[in-house]
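Position chains L, C and W against the provided structure of chain E, taking the given hints into account.
Protein chains: 4
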Amino acid sequence: MISLDNKRLVELKKEVFEANMALPEAGLVKLTWGNVSVIDRLLGVIVIKPSGVAYDKMKVEDMVVANLAGIPIETNGLTPSSDLLTHTTLYQAFPNIGAVVHTHSKWAVAWAQAKRDIPAYGTTHADTFYGRVPCTRELTDSEVSADYERETGNVIVSTFTERRLDPEATPGVIVSSHGPFTWGKTAKQAVEHSLILDEVADMAFVSEQLAHNLSSIPSFLLNKHYYRKHGENAYYGQK
Amino acid sequence: MISLDNKRLVELKKEVFEANMALPEAGLVKLTWGNVSVIDRLLGVIVIKPSGVAYDKMKVEDMVVANLAGIPIETNGLTPSSDLLTHTTLYQAFPNIGAVVHTHSKWAVAWAQAKRDIPAYGTTHADTFYGRVPCTRELTDSEVSADYERETGNVIVSTFTERRLDPEATPGVIVSSHGPFTWGKTAKQAVEHSLILDEVADMAFVSEQLAHNLSSIPSFLLNKHYYRKHGENAYYGQK
Amino acid sequence: MISLDNKRLVELKKEVFEANMALPEAGLVKLTWGNVSVIDRLLGVIVIKPSGVAYDKMKVEDMVVANLAGIPIETNGLTPSSDLLTHTTLYQAFPNIGAVVHTHSKWAVAWAQAKRDIPAYGTTHADTFYGRVPCTRELTDSEVSADYERETGNVIVSTFTERRLDPEATPGVIVSSHGPFTWGKTAKQAVEHSLILDEVADMAFVSEQLAHNLSSIPSFLLNKHYYRKHGENAYYGQK
Amino acid sequence: MISLDNKRLVELKKEVFEANMALPEAGLVKLTWGNVSVIDRLLGVIVIKPSGVAYDKMKVEDMVVANLAGIPIETNGLTPSSDLLTHTTLYQAFPNIGAVVHTHSKWAVAWAQAKRDIPAYGTTHADTFYGRVPCTRELTDSEVSADYERETGNVIVSTFTERRLDPEATPGVIVSSHGPFTWGKTAKQAVEHSLILDEVADMAFVSEQLAHNLSSIPSFLLNKHYYRKHGENAYYGQK
Chain E
1 MISLDNKRLV
11 ELKKEVFEAN
21 MALPEAGLVK
31 LTWGNVSVID
41 RLLGVIVIKP
51 SGVAYDKMKV
61 EDMVVANLAG
71 IPIETNGLTP
81 SSDLLTHTTL
91 YQAFPNIGAV
101 VHTHSKWAVA
111 WAQAKRDIPA
121 YGTTHADTFY
131 GRVPCTRELT
141 DSEVSADYER
151 ETGNVIVSTF
161 TERRLDPEAT
171 PGVIVSSHGP
181 FTWGKTAKQA
191 VEHSLILDEV
201 ADMAFVSEQL
211 AHNLSSIPSF
221 LLNKHYYRKH
231 GENAYYGQK
Chain L
1 MISLDNKRLV
11 ELKKEVFEAN
21 MALPEAGLVK
31 LTWGNVSVID
41 RLLGVIVIKP
51 SGVAYDKMKV
61 EDMVVANLAG
71 IPIETNGLTP
81 SSDLLTHTTL
91 YQAFPNIGAV
101 VHTHSKWAVA
111 WAQAKRDIPA
121 YGTTHADTFY
131 GRVPCTRELT
141 DSEVSADYER
151 ETGNVIVSTF
161 TERRLDPEAT
171 PGVIVSSHGP
181 FTWGKTAKQA
191 VEHSLILDEV
201 ADMAFVSEQL
211 AHNLSSIPSF
221 LLNKHYYRKH
231 GENAYYGQK
Chain C
1 MISLDNKRLV
11 ELKKEVFEAN
21 MALPEAGLVK
31 LTWGNVSVID
41 RLLGVIVIKP
51 SGVAYDKMKV
61 EDMVVANLAG
71 IPIETNGLTP
81 SSDLLTHTTL
91 YQAFPNIGAV
101 VHTHSKWAVA
111 WAQAKRDIPA
121 YGTTHADTFY
131 GRVPCTRELT
141 DSEVSADYER
151 ETGNVIVSTF
161 TERRLDPEAT
171 PGVIVSSHGP
181 FTWGKTAKQA
191 VEHSLILDEV
201 ADMAFVSEQL
211 AHNLSSIPSF
221 LLNKHYYRKH
231 GENAYYGQK
Chain W
1 MISLDNKRLV
11 ELKKEVFEAN
21 MALPEAGLVK
31 LTWGNVSVID
41 RLLGVIVIKP
51 SGVAYDKMKV
61 EDMVVANLAG
71 IPIETNGLTP
81 SSDLLTHTTL
91 YQAFPNIGAV
101 VHTHSKWAVA
111 WAQAKRDIPA
121 YGTTHADTFY
131 GRVPCTRELT
141 DSEVSADYER
151 ETGNVIVSTF
161 TERRLDPEAT
171 PGVIVSSHGP
181 FTWGKTAKQA
191 VEHSLILDEV
201 ADMAFVSEQL
211 AHNLSSIPSF
221 LLNKHYYRKH
231 GENAYYGQK
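Residue numbers (this note's numbering), protein chains in the order written: chain E, 1 to 239; chain L, 1 to 239; chain C, 1 to 239; chain W, 1 to 239.
Looking at chain E on its own, in the form it has when it is part of the complex (with noise of 0.2 Å):
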């Protein structure tokens, strides 16, 4: 037993139960091909769900504690989910994020399929997206044979390092061949995001059947979008 503050843990085991909960209700996610974690970075700790436990038998209490290194320390038993140290990578390199969210929802992993990045073709992206949603390089076999979890975290992070993205306007990315990854200030955004990517996913998928050779959205609209709901300027929403 760990000297945490227990109140605490159970109100983050909660959130975390509750967001991913809300995934196979949001369509989101099949059997048990989603995760949702947490991160408390004060206390240190990371609350995640545990590794392929069905949705309709997971518990509040099975969500799995671990420490920022991925190291359970609170587990009822249970392994935690098996890309746990993608969400670590993550948390570490993205200091102001507070949740990630990883599905296997369609329209996105048929983008990361195709190995391309989603373009930015409407205000319903812009609103969210900040520009495409970045598709990851191919891990290579050294990669996926040494230490698989952490380096798809890895090929994230430099996936926005060399493209100079902002994780908090590009709050999302796809990893070639495999899925989205979303993430935000809490468990409920993280999940919002995720949502909101499949669906910027579909409509890109059904525009370029529409119509070849489109372009994005101009810079003027994308700025218009993004800031009328982001940043100190915005006016969607209420206060």
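Every clue listed holds true.
Copies of one chain are not kept apart here, so a pair can be met inside one copy or by any two copies together.
Derived BS3-like pairs: lysine-lysine, alpha-carbon spacing no greater than 25 Å straight-line:
| no. | residue 1 | residue 2 |
| --- | --- | --- |
| 1 | Lys188 | Lys59 |
| 2 | Lys229 | Lys57 |
| 3 | Lys106 | Lys188 |
| 4 | Lys57 | Lys188 |
| 5 | Lys57 | Lys14 |
| 6 | Lys239 | Lys59 |
These are calculated hints, taken from the structure and not from any lab test.
Then chains L, C and W, alone, in the frame of chain E:
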């Protein structure tokens, strides 16, 4: 507090509330991506959804009352939908409409992103839209920067003016790179037009994939179906 | 009041009502876009859905009784479906059918708008439709103007006559630029045929996208699947 | 009445019943288009769904018991699924499988009608299927005429033999012009494989539309994902 007939305002708020709630139920809206307003031209008021409020939290009394210039006059402490000035512009230009609906429904957005009118390929379309559903031109940088929501209304209106379209016979439009707006006599009818627009957008997409160089339906069939349902010789439905 | 066996009429109305209600439940009908009728050839009556009545308001007693010429004889004050004369024409030409269904289901409409027969690409199709589902020619201007609904029936019938199709072996059709009609022994079976038609229309669309110049299934496989379910040597299902 | 352990038979019937009921719930089966069986190799019995019985009428005791040659031995008066001999053939050839599922799920059928293997384009696929899901050759006229259902099993088995595929590593197949069969240790697992097969068929379709000349995932990634979940070094899920 203003001296409006309170009972009538409650009726209007209820109408707007119910129409807003119908949108996610019909699969036309995810998260907070939609808004409905109604106008009472005698009272000189518009009632519209508040901005960015979750559907499962929204109450009848949260509907915001504004005057025809878009100035909120009864708000329950809430900001009106950020698209309010698009709605007021439409009400001003189209004197016979009583309600406006905006969504980011998938199929209509996909055509908007492809920057294409939706052709009238069949009777499902012709039953409601007398000819193609127009896609506006793109807004310019200065239009977006200056007064974005009002200019969105203006580009819709000028599309109808330039193409000599009757907003009663074509009760909807798609705004380039953005998405659909529809209207009707009542909020319920405007919502139905949103649903129909998305459905015919879907069907038209599939038809184009099935047959290249498809032509629109002949005008005699368009006329037959439209006037079977509309105007003094209509014989569809009950008296 | 006419001297019909009232108990039998109530049975027929119930059959028609339930079949109509099954359409939106199966996702085949939105709003009021569909209708089912049944015929009792001994009594000389057709019972059909009223025109344009919302499904959630519709009651058993609203089903309209008409004679074989399409003249309403018991109406509960309601107008019958505007497509009634299409139904009467089909009943007259196809003496072995007991029920007719019309919908604007998405995939069947998409093929109708593409003005293409739906090829028999697999056993799902062959289990119910003995060969391609025909798409009629387009109606002419004078046919549409003169007696539109009856001519819609006529063009279906002439499609079957000209192509020497057996309406029992091909229990459905798509009308060019319009949508599907199906039929069966009972209302329930006719509704099932609508569902199957839409499903095979969907599958055929995807198959064509996956492989160009796809050919229909060989006749020995078509025969096997069709006759496994139909005729005196059928062995699918229970006796 | 036969001298089988009745309690064990009831267990098997319950397993088959529940797995059958899971198919329409998962959207994999419409009407009566599917069947599940399990085998008890010690008892020498197969339990399978009755033929053409509506899901909402079906009861546990309607599940038909047959011997390994496909001869019904406890039937509750019902005929077994017409596909029984396909199931027996698979059980005979694949000694480690405990359950078989057949559906006409949309996406898998679409690939079967296109007569194409489903390529392994991503990790969603690789988590369950170790490489492409094979599509059989078409059956010949004489195979269809002589002993159709058994020959369907035979063409599946010869596909696995000729391509040197391990039925445990590739727990499913699509039969040309027909549809998918999957298998597993238990009925529940075989149903999951049906669901996964349809999902990866859907994703692969979209990916191909998004990028031409797409190649399968590299073997090191295929190996990683497959063996993360299967075999003695698996680390996905709970022990």
